[in-house]
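Asks: Next come the chains, spelled out residue by residue.
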Amino acid sequence: MNTDIHRLLDEAFARVDMTPDAQDLKEEIRANLVARVDELEASGVPSADAARRAIAELGDVRELLGEGDADAATGVPAKAESLQAAFLRHRVRPKPGFVVRVVVWSIALVVGLTLAVLGATGVLPLPLGPIIALLGVASTGLGLLVGDALAQETTTNHPMPSTRAGGYGLATFLALYGLGFGGLIALGTLPLWCCVFAALGVISSIILYAFLGATQTNRHKAWTRAGRETEIPNRFESEPETAARFGIYTAVIWLVTFAVIVVLVFTVGWWWAPLAFLAGLALMMLVLARMMYSPRKGG
Amino acid sequence: MTQDDAFAADLLRGHTDTIVLGVLRRSDRYGFEIYKAIRDATGGDHEIKEATLYATYRRLEKDGLVESYWGDETQGGRRKYYRITDAGRAVYRGNVAAWVATRRIIDSLLDVKDAQ
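Same order as they appear, the protein sequences are chains A and B.
Residue numbers for the first sequence follow my numbering, so the first one is 11 and each next one is one higher.
Residue numbers for the second sequence follow my numbering, so the first one is 26 and each next one is one higher.
Hints may contain errors.
[Unchecked claim] Below, a list of computed lysine-lysine pairs in the BS3-like style, where the Cα atoms sit at most 30 Å apart:
(1) Lys36/A x Lys74/B
(2) Lys105/A x Lys87/B
(3) Lys36/A x Lys105/B
(4) Lys61/B x Lys36/A
(5) Lys87/B x Lys36/A
(6) Lys74/B x Lys61/B
(7) Lys61/B x Lys87/B
(8) Lys61/B x Lys105/B
Just so you know, the hints here were simulated from the structure itself, not pulled from any lab data.
If we strip away everything but chain A, and leave its shape as in the complex, we get (with noise of 0.2 Å):
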């Protein structure tokens, strides 16, 4: 193996400042020079001067650190630019054929759901054969809504390429489906060893959705991981102990609610129980608020 590549590349880089992303850059190019190296040699150019070539091709290397900061000078004044006014600029309207979809798929979902369950419930009288088809037009419905809303276009998204957008569709129509026969074995339509059916389509959705959550990349727009950037930091971010007290808070309330609410039932009746319920919410909100917005520590 040559070794003289490393000697040259700590050379190359021997006046610059080392700072992380140099540091990266320069492992990077160590790997691109030790392949170019071996391509050269393989060739029948001697080792040392396969060595010195490589380096050779590669130029200054302060240029290559210096382009990316002259590029994230030239990005400055873009970034002036208000979110607002990126967001109207990039701005994206949905397609009319799009929205005509969305309508179909939505009623689609709705009328097969509601003639489902109306079914199931015994209020239609409908046998089982066209409960299970309703069933499934009402998640065909939900799977093709979702698949199609991902490959659009939107403002801030790119549009998702048509087999993964397909993917998420497909987990949603095995999930809604799976769990339609769940609810059809509760409310006793259908026999409990159909619990195997449901959980075919639940367990299914659960692995696709975990394959496609864990390969998904990027999909924003450049515009909006700029915009993002120059944001001003959530309170709980910037400050993660006014998050951990806001946590603390946020138990004690809902703890000192419930237990309220079990006093309630058996003293004056359940119907008061939501009562209690809605204070603590109100609680919760009003911590939250002051967590959130209170003047800062220290100006």
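Add chain B to chain A, keeping to what the hints say.
Replies: Okay, now just chain B, sitting in the frame of chain A:
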């Protein structure tokens, strides 16, 4: 380099981002593989400079069009691999469509069929 070569290299350089995205579309690659794929495709005539490519990777990564990760090589330094994102694929498709449309316009304006 002749005048013709300089013109061709200029044209090529203008599409570096799209070319890199196109190379990454099939599989994840590291810098030298990308460089080699471009060099082989151009027949070694008008290659895109490595310095240009490093700048391109940084820009693409900043814009979220590619992601990078380090390989697990034990010898000769770890390779920095690049992976195209969904955003990168969308931008690639858009750029290719724009290129096809532009090519048709330029072909007709330059009267290419006549020249051949």
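Asks: Provide an ascending list of the numbers of those earlier hints which the structure does not satisfy.
Replies: Going through the list in order, the structure violates no hint and respects every one.
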